[in-house]
Amino acid sequence: MSERVVITGAGLVSALGGDRAATWAALGGGRSGATPVAGFDARGFACRRAAQAAVPDPAALGVSPRDAYIMGRSNLWFLQAARAALAEAGLPLVCTDGTVVGCFAALGMIDPVPDDLRTAATRSRGPDGAFDPGRFYADAYREIYPLWPLAILNNVGFCMAATSMGIRGENAVFAGGADAGAAALIEAADVVGAGRAVVALAGGAAEAITPLGLARWHHQAELCPGDGPEPACRPFHPASGGVVPGEGAAVLVLEREASARARGAGILAVVAGWGRASGAQAVARAAETALNGRTGGTPAVDLCIAHGEGAPARDAEEAAAYRRLWPGPDAAPPVAAFKGRLGHLGPAAPAADAALAVEIFRTGCLPAAWPDGAGPDAVPVLPLAAAGAGPAPRTVLLAARGWIDTAAAVALSAGVAP
Amino acid sequence: MSAPPRIVVTGLGLATALGLSVAENWDKARRGESGIRSLPDPADAQSPIQAAGAVTAADRERIAQAFPEAAAAEERRTAFALWAAAAALHDAGLTGGHSRCGVALGAGLGVIRMEDITRWLDPAGAFDPVRFGAELDRLHPESSGRHGHDRAAACVAARFGLGGGTATVTTACASAAQAIGSAWRAIRRGDTPVMLAGGADSMIHPLGLVNFVLLGAAATGGDDPATLCRPFDRRRGGLVMGEGAGLVVLEDEAHARDRGARIYAELAGYASSMDAYRATAPDPEGRGAAAAMRGALATAGLAPDAVDYVNAHGTGTKLNDVAETIAIHSVFGPHAARLAVSSSKPLFGHLLAACGGPEFILTVLSVAEDTVHPTLNLTRPDPKCDLDYVPGAARRLSVRAALSNSFGFGGQNACLAVRKVPPAEGGS
Chain W
1 MSERVVITGA GLVSALGGDR AATWAALGGG RSGATPVAGF DARGFACRRA
51 AQAAVPDPAA LGVSPRDAYI MGRSNLWFLQ AARAALAEAG LPLVCTDGTV
101 VGCFAALGMI DPVPDDLRTA ATRSRGPDGA FDPGRFYADA YREIYPLWPL
151 AILNNVGFCM AATSMGIRGE NAVFAGGADA GAAALIEAAD VVGAGRAVVA
201 LAGGAAEAIT PLGLARWHHQ AELCPGDGPE PACRPFHPAS GGVVPGEGAA
251 VLVLEREASA RARGAGILAV VAGWGRASGA QAVARAAETA LNGRTGGTPA
301 VDLCIAHGEG APARDAEEAA AYRRLWPGPD AAPPVAAFKG RLGHLGPAAP
351 AADAALAVEI FRTGCLPAAW PDGAGPDAVP VLPLAAAGAG PAPRTVLLAA
401 RGWIDTAAAV ALSAGVAP
Chain H
1 MSAPPRIVVT GLGLATALGL SVAENWDKAR RGESGIRSLP DPADAQSPIQ
51 AAGAVTAADR ERIAQAFPEA AAAEERRTAF ALWAAAAALH DAGLTGGHSR
101 CGVALGAGLG VIRMEDITRW LDPAGAFDPV RFGAELDRLH PESSGRHGHD
151 RAAACVAARF GLGGGTATVT TACASAAQAI GSAWRAIRRG DTPVMLAGGA
201 DSMIHPLGLV NFVLLGAAAT GGDDPATLCR PFDRRRGGLV MGEGAGLVVL
251 EDEAHARDRG ARIYAELAGY ASSMDAYRAT APDPEGRGAA AAMRGALATA
301 GLAPDAVDYV NAHGTGTKLN DVAETIAIHS VFGPHAARLA VSSSKPLFGH
351 LLAACGGPEF ILTVLSVAED TVHPTLNLTR PDPKCDLDYV PGAARRLSVR
401 AALSNSFGFG GQNACLAVRK VPPAEGGS
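Just so you know, the sequences run in chain order W and H.
Counting with my numbering, you get residues 1 to 418 for the letters of the first sequence.
Counting with my numbering, you get residues 1 to 428 for the letters of the second sequence.
Derived by calculation from the structure, the hints in this document are not laboratory data.
These figures come from a predicted structure and were not determined experimentally.
Where a beta carbon is used, it is the ideal one built from N, C-alpha and C, also for glycine.
Treat the hints with care, since some could be wrong.
The following label-pair restraints were derived from C-beta to C-beta distances [to be verified]:
#1 H/Gly96 to W/Gly30: 38 to 44 Å
#2 W/Ala22 to H/Ala303: 34 to 40 Å
#3 H/Asp386 to W/Val55: 27 to 33 Å
#4 H/Ala306 to W/Asn292: 33 to 39 Å
#5 H/Glu135 to W/Glu143: 39 to 45 Å
#6 H/Ser21 to W/Gly62: 40 to 46 Å
#7 H/Ala3 to W/Ser64: 43 to 49 Å
#8 W/Asp57 to H/Ala303: 35 to 41 Å
#9 H/Ala393 to W/Thr96: 46 to 52 Å
#10 W/Pro225 to H/Gly161: 30 to 36 Å
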């Protein structure tokens, strides 16, 4: 039978900072991480801005250059966030008994860097410049670095990160959009609650922004065009320009409440429920399940951290879901979203939202200049004047949406001192 | 405090090189017929890989007629998933949608096409991101520049009206088994009474075909295609790629019985583990694999000597087969000598991220029908592989319980434990 599961560590890497405190401080300062895309010339893309995170120094994480190549940026961010979470939880960075430690991540695609395939591609071209399989098979493919196939498997870099922490227990990698991030949290909480792991890391890493990755963003989301400095992603705002892709990672440490208390760990939050749904009304159904049906006339939560990706049509759908969930003028809790500042972290978004929920629980306040404002169709949002004022939220609902009609929700409650 | 529900298998669906029906796959598996053939596409004539367990062109055409939307997208993986999902749901008698049925699917990489690079090389041979960014609509419909790993699961949920949410697992060759395990957990904790789970994958395209050559893991010999995959044989030369899908319907037993569903077997336990060894090789002592098997037995409440059959990961690579053999010995002790162990990969190839789906289905059928299929092409056993791998011909034996192993590149391991449901309880 499942026992209560708590969060005792939360690491966050984002465009706003290399750790949770820096990100929180930047949010408080009203900063957005969105900047013109760096790393390649994105002038041909309609969307030319992203919230890109700094790449950690592999050596600082104990990762060799060869391993860093295979792990790629996403799994380096994951490792950076995981180590921060373990440190906060007061756990060793390398497990003493890795068989009782689980690790669950949500990751996106790992796209090839065109330069990795450049020579092979050049030698594969026929007289007309098109790809010629015969030339590719004859010898061009041998120009590909033999370990390249490992570098495009998202789980291999994940395994290398887990191995560096000595983790040998239950695990999974979920893939997709933000719903995948929720799946990782849910599975980890289940495994810990059921006693299959004493501790589990749960989180996700965003896809690194690459030409092929930005192409996929273009096909999967309504992106914000241009690269201007204005805050173009404004969740639930009628003038929002669309989604801004984000980079980074977030990882939580989950433990059973009893074992966390027994070792004197600080309890940052309690995993109070979850739900998943697909198809019509997926957001509302997932949230309702997460709240165990407690969605009548009064909100069972103090704050909803919405998926709120900034795409007007999808945001309107989501707002409608919350109206359905909490009918009545005063029934809905405040609804907020972080993607206007952090960008859309894809599979890392739910863990990032959870890490920020920990800050909300800890500080009892929301960042200043929060959020960008609501339009007439938006659900109620915290007014700017509420920043830093009023009672601290005790229960937060996190919502996450996938690319195609899927959704998940996780409810967190504030932790208490040990 | 109530006991977790018993979870049963009520529907099976397959699309492999052996065919598009479970009956055809099972018949050919028992007869020892391999679906591994020479690559059919003339464009692959010079490939270092000359054989694979490819779904036949005729069968792909059948799938395309059934699911024209997948055919239009030219995405083989999603097409296979849709076919196997339809078959599993039909087999389970679950048609017409189900608001609480979730989908958990193991899926591999998106298709990275060399054309995605060559088309946008400039005259000097450098990739031109500016022109690429301006021509995104010219990307091939199947390209990973259009969609990610999770497309198949989302399409299955949408096509069949399954409202319980989706999850896509990407743990290389452990993906489908972990997806089935994740579905088992979702039912066990009461999230939903029914899940559709399994895997779908295809990497039969130029970059996919050479990936395992680059890694030194592929069988590239000029043998007869049907004998190229030789798990546990001393002449084994590596894995032989396959493609397809295998999906199952899992249900809370009470849910299944209430609606009079046929029950094939119980999915009694599941566990995963990590090698924490190397990205490129399994732990030579098989510790991670053994931990997954022990975990599956523990969650199932099975003693090792209650197991009669292990459907091995059995890739036919030098390292895997020895490590898996060592792991089985360490888990089962003296009982290992009494186990029947076979690998399904010579039948339809290594379905990569999907492999755990079809192999789990064959494991379920082994338990349900007290028959295990043979390990093909095992004529000169490797002395280091010293278990009973059921060489030559299928075998009738009482299979009270069985394990299905899947181990992924990188070191992620999964094991599913299947237990017989007594005939008196077997439902209609």
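Each hint tested on the structure:
1. The hinted window of 38 to 44 Å between H/Gly96 and W/Gly30 is violated, with their beta carbons roughly 51 Å apart.
2. Distance hint check for W/Ala22 and H/Ala303: the Cβ-Cβ separation is about 53 Å, which falls outside the suggested range of 34 to 40 Å.
3. Look at H/Asp386 against W/Val55: about 48 Å separates their beta carbons, and that is not inside 27 to 33 Å.
4. Distance hint check: the CB atoms of H/Ala306 and W/Asn292 are about 37 Å apart, consistent with the given range 33 to 39 Å.
5. Range check, H/Glu135 to W/Glu143: about 25 Å between beta-carbon atoms, so the 39 to 45 Å window is missed.
6. A beta carbon spacing of about 51 Å between H/Ser21 and W/Gly62 contradicts the range 40 to 46 Å that was offered as a hint.
7. Our hint of 43 to 49 Å for H/Ala3 and W/Ser64 holds, since their Cβ atoms are close to 48 Å apart.
8. Range check, W/Asp57 to H/Ala303: Cβ separation about 50 Å, and the 35 to 41 Å hint is violated.
9. Our hint of 46 to 52 Å for H/Ala393 and W/Thr96 holds, since their Cβ atoms are close to 49 Å apart.
10. In this structure the supplied range 30 to 36 Å holds for W/Pro225 paired with H/Gly161, their Cβ-Cβ distance being about 35 Å.
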